[in-house]
Amino acid sequence: ISFITSLIFAFGLINWSQSITTEVYTLNNFIVCVALYFIVIASLNGRNSYLYAAAYFSGLALTTHQTSLLILPAGLWLLIQTGRLPLKGKKTAWLHTFIFYILGFAFYAYLPLAASRDPVINWGDPSNATNLLKTLFAPAFTQVNNGFFFDHLEYLFHIFFREFFWCSAILSIIGLVSSFGLKSNKVSKFLAVCVLTYAGFFLIMLKPAYINLYKLDVYYLPVFMICSIFVAIGVMHILENAPSKGSFTKQGLTPIVFALLLLSLSVNLVSNFSQNDKSENQLAEWYGRNILESCEDNSILLCNFDDLFILFYLQEVLGVRKDVTTVLAHFPTRGENGFWKDWLYEKAYKDPSLKWESTRGLISMNTGVEEIMEAFIDDNIAQRPVFISFYNMPPLELLEINYRFVPETFAYRLSRAGQNIETIKRNHERFMSEYDETFFADMFKNHHNVEEDFILVRCDEIFRFNATVLDVAGETQSALDLMKLSTAVNPLSWMNWSTRANLEEKLGDFDAAFNSIDRIIEHEFLIDPVISPTILNWRYEQAKILHRAGRDLEAAEILNQFYHMDKRQPKEIQALAKKIELALQDSND
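In our numbering, the protein residues as written are 2 to 590.
Hints listed in this document are in silico derivations from the structure and should not be mistaken for laboratory results. Don't take every hint at face value.
Computed Cβ-Cβ distance ranges for the label pairs, DEER-style [what the hints assert, rightly or not]:
no.: 1; residue 1: 255; residue 2: 436; range: 55 to 65 Å
no.: 2; residue 1: 103; residue 2: 178; range: 36 to 46 Å
no.: 3; residue 1: 558; residue 2: 437; range: 30 to 40 Å
no.: 4; residue 1: 182; residue 2: 129; range: 46 to 56 Å
no.: 5; residue 1: 282; residue 2: 70; range: 27 to 37 Å
no.: 6; residue 1: 113; residue 2: 523; range: 49 to 59 Å
no.: 7; residue 1: 319; residue 2: 523; range: 34 to 44 Å
Once the Cα atoms are required to be at most 30 Å apart in a straight line, the calculated DSBU-like pairs of lysine-lysine come out as [claimed, not checked]:
no.: 8; residue 1: 187; residue 2: 92
no.: 9; residue 1: 507; residue 2: 485
no.: 10; residue 1: 184; residue 2: 89
no.: 11; residue 1: 216; residue 2: 485
no.: 12; residue 1: 572; residue 2: 545
No experiment lies behind these values; they were computed from the predicted model shown. Even for Gly, the Cβ is constructed at its ideal location relative to N, Cα and C.
Turn these sequences into a full structure, and let the hints guide you.
Written out as structure tokens, the structure reads:
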């Protein structure tokens, strides 16, 4: 039974997808599992070695993810209840346990040692105590809390039944509930408290918007791992409490229970294989190669953390475009709060491969973006071309300062010269000859995890920024072609559809612009199926489009349908309604 339930968890969508992804979550889950095992063994056995192993692996788990702290309350409760960590007397047991916990946690001591070598990827530069603490704890829970508790709770039940299928999920719930019964043992209570601690903490602390709830999947890996144990506990509870006579005796129920478990395992294998078969998925390599091929020979490429992981592998392992010097940088272009900016600026300035011509002093968080860019463009002796590759591209006002962002498809040249529209058009035409909407629509349809989502978001923003540059240069049709790719690669982005609608209206295709706004409204209904102020605002936008198209009767119908629902009664829309009313009167006259 335990073997089958462990396979059900193993082939669940979250665990399977994370097992083939270069991420920390399955490693963390494994160490948490070992820690839980030794906590249980220590509670049942008097040998100190088990207690110290439990402490050591609990500390080690913390080095892979800070959420591992959540096993401590239940673990301490079990060890105190079983007398392994008595509250009175034997204080040495607590001291020794704490020492072994710190020994596991002490692997973090490697960070300042590694940082002193100034490696290419040096997250947080933990070479001193301040940066070390920031690196350990600053990015722990970065999900934006702009959603709702009950949306998160509903989503938790959704992924729970998805991971275990309905029959195993029900067995797990039976096992969890039975753990609080009078006949249950302390170990099952301990596991139940672990589940409730993890789930309760995440439900309270993390409430992202509905559209971003899928990013929480990985946090629940330890919860679902323990829930797979409760599937087995639920089975044993049913069999042990089966009546001795009748159709549903222990002997009669056993094959039924096994059939249900095998059904759950089969469903997970069949339904999740296609989503986790990455044998033909080369999305990351495709994206990284496009960035490097967008750069001129012997150039400097400024990029952020996630891009650098891909580029480092391509350059150092596969030997692709080693003439390009990649520099880790993250400029505060949108006011985001990044704890790493100060040391990144300093590292970028001190990079020996750039060979700075002059000494400006250390670049800090207070240094303006323009000054930083000027340093990169002007101060490298060889006057190497400078490119930038960010998924969070700077706002459009940065186009007006002393340098220019010149799109080179997947990277941007930093230049003091004006933008050469012919070069931009040539790059655009070359790119459009290689890819179409179908390519990116398939890319969106076939992606299934957060890591792939990062790449889609980057493509999405690259296309939108390039489209804006083309539109400013008077190439509105080319800009619209790019926005069609952008809406294909990320059809959930309201910014994509809004930008596309503006371009379609600019080209005189008012029906297409109206339909693009419809796509935004459809998506908003998925997030919140009520007539919200956001949806009303987009309905007003549709009325404005129709008014500008001279179709005032249709615009009036929209306002008559929706304006009375708006408690805000915006004056701007009152004025629009008046203008439309006058236009209709004039047409009737």
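Going down the list of hints, with the structure as the test:
no. : hint                  : in the structure
1   : 255 x 436: 55 to 65 Å : holds, 56 Å
2   : 103 x 178: 36 to 46 Å : holds, 37 Å
3   : 558 x 437: 30 to 40 Å : holds, 36 Å
4   : 182 x 129: 46 to 56 Å : holds, 53 Å
5   : 282 x 70: 27 to 37 Å  : holds, 34 Å
6   : 113 x 523: 49 to 59 Å : holds, 51 Å
7   : 319 x 523: 34 to 44 Å : holds, 42 Å
8   : 187 x 92              : holds, 23 Å
9   : 507 x 485             : holds, 15 Å
10  : 184 x 89              : holds, 28 Å
11  : 216 x 485             : holds, 26 Å
12  : 572 x 545             : holds, 14 Å
Of the hints listed earlier, there is not a single one the structure fails to meet.
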